[in-house]
Amino acid sequence: MAAPRFPDYEPTVPVFLAQVTKRFGEGSDALTAVDSVSFTVAAGEFVSVVGPSGCGKSTLLHVIGGLTDATLGSVHVENETIDGPHPAVGIVFQEESTFPWRSVIDNVAFPLELRGVGRAERHAAASHYIDMVGLHGFEKRHPSELSGGMRQRVSIARTLAAKPRILLMDEPFAALDEQTRLLLGDKVLQIQQQLKQTTLLITHSITEAVQLSDRILIMSYRPGHLKRIVKVDLPRPRTSDIVSSREFGAYIADIWSDLREEASRGLSESERGSE
Amino acid sequence: MGARSPYLAPAISLGTIVGALAVMQGLIAAEIVSPYIVPLPTDILASFERVVVEEGIPGRFAVTVGETLAAGLLIMLVGIPIGLLLYRRARLRTAFEPWLAAIAAAPLVLAYPLFLVLFGRSSLTIIVIGFASGVAPVALKTIEGFASTRRVLIDVSRSFRLTPAQEFWQILLPAALPQIFVGLRLGLIFCLINVVGVEVLINLGGLGQLINDLAERYDLPGTYAAISFVVLVSILFFAILGRGEKWLQRRG
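Taken in sequence, the protein lines are chains A and B.
For the first sequence, the numbering used here puts the final residue at 292, and the numbers step up evenly by one.
For the second sequence, the numbering used here puts the final residue at 695, and the numbers step up evenly by one.
Same shape as in the complex, but just chain B (with noise of 0.2 angstroms):
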C-alpha cells in the first residue's frame, strides 16, 4: 500500500465545508430553507469583504484578540499558581478541587449581569468573564499534571540529591508541562467562547458587538460572514495551540 499523502485528511475536511455548503445553497436557493433565515452561502462569501473594510474588522479583531490574551495571562498567572498550591497542600486540595470542579462545569456566563454591576459596561467586565470562565481547568489540569508525576522520576532526583527548588525546576515542572498546557487549551476555548459571548450581551468589544450590531441591523449576510470571521479566528487560534501541544506531547 503506498504512503497517504498528508494533504488527503484536510481535503476531507474542506471538501467536507464545500459540499455542505454547496448543498445549503440549493436548499435555500429552492426555499426549502427560508432565505431570511439563513442567507445563500455566496451572498455570506460576497459580504466579507464589505464587513472587512466597512466594519472596521481589523480594529475589532484586535480589541476581542486583546480581551482573550489579557484574560489568558491571567488565567496562567493565576491557574498554575492555585493548581500547584492545592497539589502541594492535600487538605486544600481536598477542601477545594470539588469547588474548582463546579466552576468549570459551570455556565458563568450567565452571570454576566453580576459581573456588570461589579465592573461596569467595560471590557474590564470582558476580561474577567473570560478569565473566571478559563481559570477552573487550568488550576485542576496543574494539580493533575503535577499528581501524576511518575514515582520513579521523584526517586531518580532523591538519589541526585536534588534540592526541593531543583526537583520542582528540573523535574515536577516538565513532567507536569503536557498537562498544564492541556489544561491552558481548555481553559483559552472557554475563554475565547465566553469573551465573544459577554461581547454579543453587552453590545460591547469587539467581534461580538459586531455581530449583534450587524443582527440588529437585519444585515444576514453581514451577521453570517462576522460569525464565519470569529469561527476562522477560532481555527487559527486553536491551531497555533493544537501545534504547541502536540510539540510537547513529542517531548512527552
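In isolation and in its complexed conformation, chain A is listed as follows (with noise of 0.2 angstroms):
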C-alpha cells in the first residue's frame, strides 16, 4: 500500500510519522498523549526519544509498533501505511517480558517456532543470538534464574532472532542500574553495528541517549509534541568510555536545559494533581 504524500515525506526512509495525534477517552474527558508528531528515521539510523515522564514516548513506540492506533496522522513503515504490527519491526519491551514457562534458547527460539523452522536449525540459530547478548552458558537455564538484567537481554535476543529491520525498544533498561544500563548500552551498540539495524529508543534518561544515538527527539511535557532534534556528532565506534568526555558532558547540559523545563513542567502539574 503506497504512503500517502506528506510535505516531509521521503519514500526510502524505514520509518515515517505524519502529524501522529494520540487521544485516550472522548469529549471533555479525552487526554491528548502524543500531538502532531513527524518525523523520519533513516535506515541503519540510531534514534532516542527522550522527554519527561508522561509525555506519552510509551505511546509513541506503541504506536509506531502497531499494537495501539494513532487518533490522528499515520505511520509509515517501509513505505507501507500500517494498521497493526509490520513485520519488518521488532519490539523491546520496558517490562520484562520473557516467557517464565520456557529456557533462554526456547525464549529466543520462539519467533523461528513459529515459523515451523525445525529444532535443531533454531536452536543453532538462537545460540548465536544467546551469545550475541553475551548469554552463553545460560541456554538451558529458565529466567526465574536469571538477573533482571540478563532476562532484558534474553527479550532482546528473542526479538533479534526474528531478524526485524527495524528495532523499536521501550526504555529496555530502565529497571536497571546505572552501571548494568552502561554496560548494555556497549551490547547494544556492538549488535547495532553488526546488524545495522534502523533502531528506535524510547528513553528518559540522557546519558543512555547521547552515548547510543545518531538523533535524539526531544519531547515536550503533555501533550507530547517535538520541541527539538539534536544530532549527535560523537565519534563511532563507541563504548560507554565516551561518558567521561568533555563533548559527551556539553551534549547532556545542552540536552537537559531543554528537558529540565519540561520536567519542572510536569514535576508542578502532577504535585497539582495530587493536592
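No wet-lab data here; the hints were simulated from the structure.
Beta carbons: idealized from backbone N, C-alpha and C, even for Gly.
Take these hints with a grain of salt, some might be off.
Simulated restraints on C-beta separations [to be verified]:
1) A:Q211 to B:V521: 51 to 59 angstroms
2) A:A60 to B:W612: 30 to 38 angstroms
3) B:R534 to A:Q211: 48 to 56 angstroms
Some chain A residues flagged as far from chain B (calculated, every beta-carbon gap over 10 angstroms) [claimed, not checked]:
4) E95
5) V134
6) G135
7) Q214
8) R232
9) I246
10) S257
11) W273
Could you use the hints to bring the two separately framed chains together as a complex?
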C-alpha cells in the first residue's frame, strides 16, 4: 500500500510519522498523549526519543509498533501505512517480557518456532543470538534463574532472532542500575554495528540517549510534541568510555537545559494533581 | 552457620506426630481419655495388618481412588473450559462468577439425598458429588489464571503477529497454567474429602464404607486404622500434586 504524500515524506526511509496524534478517552475527558508528531528514521540510523515522564514516549512507540492506533495522522513503515504490527518491526518492551515457562534458548528460538523452523536449526540460530547478547552458558536456564539485566538481554535476543529490519526499544534498561545500563548500552552498540538495524529507542536517560544515538528527539511534557532534534556527532564506534569525554558532557548539558523545563512542568502539574 | 539438613523439617514433623501419639497413649492408659472413645495408638498400629488383610483394603483403595480420579477427570474436562468461557465472555463472567464462588463455598455434601434420588445408590452418585464439589474452584482459578496474564506478554504476542490460536496455546495457556494447577489441587482436595464422606454417609464403595462398617461393628482400633489409612492416602495423593505444582511454579 503506497503511503500518502506529506510535505516531508521520504519514500526511502524505513520509518516515517506524519502528524501523529494519540488521544485517550473522548469529549471533555479526552487526554492527548501525543500531539502532531512528525519525524523520520533513516536506514541504519539510531534515534532516541527522550522526554519527561508522562510525555507520551511509550505511547508513541506503541503507535509505531502497531500495537495501538493513532487518533490522527499516520505511521509509514517501509513505505506502507501501518494498521497493525508490521513484519519488519521488532519490539523490546520496558517490562520484563520473557516467557517464564521456557528456557533461555526456547525463549530466543520462539519467533523461529512460529515460522516452523526445525528444532536443531532454530536452536543453532538462537545460540548465535544468545552469544551476541553475552549469555553463552545460560541456554538451559529458565528466566526465574536469571537477573533482571540478563532477562532483558534474553528479550533483546528473542526480538533479534526474528530478524527485524527495524528495532523499537521501549526503555529496555529502565529497571536496571546505572552500571548495568552503561554495559548493556555497549552491548546494544556492538549489536547495532553488527546488524546495521534501524533503531528507535525510547528512554528517559539522557546519558543512554547520547551514548547510543545518531539523533535525539526531545519531547515536551503532555501533550507530547517534538520540541527539538539534536544530532549527536560523537565518533563511532562508541563504548561507554565516551561518557567521561568533554563533548559528551556538553551534549548532556544541552539536552538537559531543554528537558529541565519540561520535567519541571510535569512535576508541578503532578503536584497540583495530588493536592 | 552451617547448611541446614533437608531432613530436619520432616524429622520435626514426624517427631511431633510420634510425640503426640505417645502423649495420647499415656492419657488413654491412665484413663484420662476414655479407651471406649479412643483406642490406644499401639492397638491401632497392631490392627493395621488385620484391616489390610481381612477387610480388603487394596480393593477398597482402588474403588476410592477410581471414583476420585473419575470425578477429577470430569472436574478438569468441565472446569477448565467453563473458566475459559467466562474469561472470554465478560458478560457471562459477571453473571456467573458469583454463582461459582457460592458453589465453591457451599457444603454440597449435605445435598447428598438429592443426588441419591437423581443417580441412585451407586458409584455414579459419589462421582457426581465429588465432581460438583471440585469443579467450581477449578473454574474460578482458571478465570483468574487467564485474567492475570501480564499485559506485556499479550503485547509480545501481538508484536510477533501471532494468530488467536497461537496466542492461546503459546502465551495464554502456559501463563495461566500455574493458577489452573492451584485450582486443580483445591478441586481434587474437595473432591477426595467429599468422595470419602459420601462413601461413609451412604455406606457404599471404598475406604469410606469400610470406616462406616468398622464403626458399626464397634471395632474402634480397626476404625481408627482405616481413618489413618485414608489420611495416609491423602498425604501421598497431595504430595504428588504438590510436587507437580512446585515444578510448575519453578517455571512460573
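Going through the hints against the structure:
Between A:Q211 and B:V521, the C-beta spacing of about 53 angstroms keeps the proposed range 51 to 59 angstroms intact. Between A:A60 and B:W612 the beta carbon distance is about 36 angstroms. The supplied range of 30 to 38 angstroms therefore holds. With their beta carbons about 51 angstroms apart, B:R534 and A:Q211 fall inside the hinted range of 48 to 56 angstroms. Distance check for A:E95 against chain B: the nearest CB is about 15 angstroms away, which clears 10 angstroms, and the non-interface claim stands.
Against chain B, the non-interface label of A:V134 holds: every CB pair exceeds 10 angstroms, the least being about 14 angstroms. For A:G135, the non-interface assignment is confirmed: its Cβ lies about 17 angstroms from the closest Cβ of chain B, beyond the 10 angstroms cut-off. With a least CB separation of 15 angstroms from chain B, A:Q214 remains clear of the 10 angstroms interface cut-off, as annotated. With a least beta-carbon separation of about 24 angstroms from chain B, A:R232 lies farther than 10 angstroms from that chain, consistent with its non-interface assignment.
A:I246, annotated as away from the interface, keeps every beta carbon of chain B farther than 10 angstroms; the closest lies near 26 angstroms. No beta-carbon of chain B is positioned within 10 angstroms of the beta-carbon of A:S257; the least distance is around 27 angstroms. The claim that A:W273 lies off the interface holds: its Cβ sits roughly 30 angstroms from the closest Cβ of chain B, which is beyond the 10 angstroms cut-off.
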